[in-house]
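Visitor: For the protein sequence lines, the chains are A and B, in the order given.
Counting in the working numbering, the first sequence runs from 80 upward without gaps.
Counting in the working numbering, the second sequence runs from 1045 upward without gaps.
Among the hints, erroneous ones may be present.
Claimed, not checked - Subject to a maximum C-alpha distance of 25 Å in a straight line, what follows is the list of computed DSS-like cross-link-like pairs (lysine-lysine): (1) A:K278 to B:K1145; (2) A:K140 to B:K1253; (3) B:K1157 to A:K140; (4) B:K1329 to B:K1188; (5) B:K1205 to A:K264; (6) B:K1175 to A:K245; (7) B:K1205 to A:K281; (8) A:K191 to B:K1188.
FYI, nobody ran anything at the bench for these hints, they're computed from the structure.
Here are the chains, one letter per residue:
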Amino acid sequence: MSSNALKDTKKLQVSFVSQASDKDTCPKKNITTDHISKKTTADEISERTFQDVSLCYQCGKCSAGCPVRYYMDIAPNKVVRLIQLGFYEDALKSDTPWLCAGCLTCSTRCPKGFDLAKFMDAVREIALERGVDVSQKNILKFHEAFLDQIRMHGRSYEAGLVAEYKMKTLDLFQDIDSAPGMYLKGKLNILPHNIKDRKGIKSIFKKTKLKKT
Amino acid sequence: MMKYGYFPGCSQTSSAKEYDISLRKVIEKLGVSFDEINDWSCCGATSAHVTNHNLSTALAMRNIMLAGQQGMDNIVAPCAACYNRLIMSQHEIANHPLIKKETEEILSADFKKDIKVFNILELFLKTGINKITENRKHELTGLKAACYYGCLLVRPAEITKFDDAEQPSSMEKIVESTGAETVDWNMKVECCGAAHSISRREIVVDLSKKIIEDARSHGANVMVVACPMCHTNLDMRQRVMKRAYPDHREFPVLYLTELIGLALGMSEKELGIDLHYVDFRYEDKVEDKTLVN
């Protein structure tokens, strides 16, 4: 670097510094500590899963072994990265948490002991609380239909589940060929089995209802 | 006579009827009795677990609570998914006072009693596999079994505290006690797609197809499972598999209890094997028919 160029650079630095000191009159109202004290989505996830999301150092072993990675829009480790970097919306909207089969392969293999399956549980729960438009609609509708049967009967009721799922998705013909076979083999119960303490089950559902934020 | 509390799980009453039938018949022969938890309910399954953490813990713990109230010290959960939900919830209650407090409030109960939940493999190991060998009516020679654990039977290892999470071998020991051979293969702990069976069927079909073909290519002529969801995906979904992969050849999938039942001298019909989508007759698998009986 020529001495002139060096001088220019120094001048430039000095001008920045002086500019900064000139701006010392920066209006107070813009200075807040909110970003420090406010709980971020990352904090929220860390809190719910009892593990720090920053534990993950992005080796990608989870995604390498994930049986459903091929069907996901974002690799599982990248969802963690999005949360670490503050791109919460992208992470919450991703279909990756919904396609996660919860098989625990990632959690078993993580060299940092980060329970990724649990992390995905928290991401889904927060997405539901915030009313995020879930892209894997049928998966969510299936879970809702399944839980409706439990709330009503205390146990799973497959005929009710399939009927409700079909009504929700209007996917009327899928699996229509499996049902008669199952029925003939006595595997599809026509009537639900109602447990006695259905009141207790309803109360569990009521008390654990997600709080919409 | 060994006695256990019994948590059947919803599938045992419908799509996995034969698992329940064969399990009850087999344990009776081995001198074990079950005491079914009165008024048990769904463990919450995948649907509660993936959408609402508190709901999932409370639904699972309701059954543990009932078992405690009914004087049980240990319970057997034959469905791998139920087993996993129950022990995971117990683990959370034991390790996180906040979750314990919340769940106790939801259920108006307190969890003091330590109730041990066993999976089906632990049940047979505890009963003693030598009992199977002693009681067996015929040696299941000719069967080459691929033991499929799926995801939830051995994982997470630090909570199940049972077998190896990547290379488990306990099911092989049990299967070998029937006289059947076991094969060494790659996908014994791979996931079959589990709860996506209805909502994303094509994923389940692809994953299950890979598992079946891996078993076949390693010389297996039957697959042995210990989970109703795995069985639905690997057996019943072969109908759809044939449409997606026109060259697919049917592959029989048995519950572990059915295999043991065959060795103990019960017929396919008695054990409910005729309820499967893919037919299985032991005689067809034996090259030297004189070995039977």
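Visitor: With reference to the structure, classify each hint as holding or not holding.
Guide: Okay, the hints, checked on the actual structure:
1. A:K278 to B:K1145: Judged against 25 Å, a Cα distance of about 21 Å means the pair holds.
2. A:K140 to B:K1253: Holds, at about 24 Å.
3. B:K1157 to A:K140: Violated - the C-alpha atoms of K140 of chain A and K1157 of chain B are around 39 Å apart, more than 25 Å.
4. B:K1329 to B:K1188: At roughly 9 Å apart (the allowed maximum being 25 Å), K1188 of chain B and K1329 of chain B satisfy the hint.
5. B:K1205 to A:K264: violated (37 Å)
6. B:K1175 to A:K245: Roughly 47 Å separates the two Cα atoms, so the pair is violated.
7. B:K1205 to A:K281: violated (34 Å)
8. A:K191 to B:K1188: violated (38 Å)
Checked against the numbered hints given earlier, this structure breaks hints 3, 5, 6, 7, 8; the rest are met.
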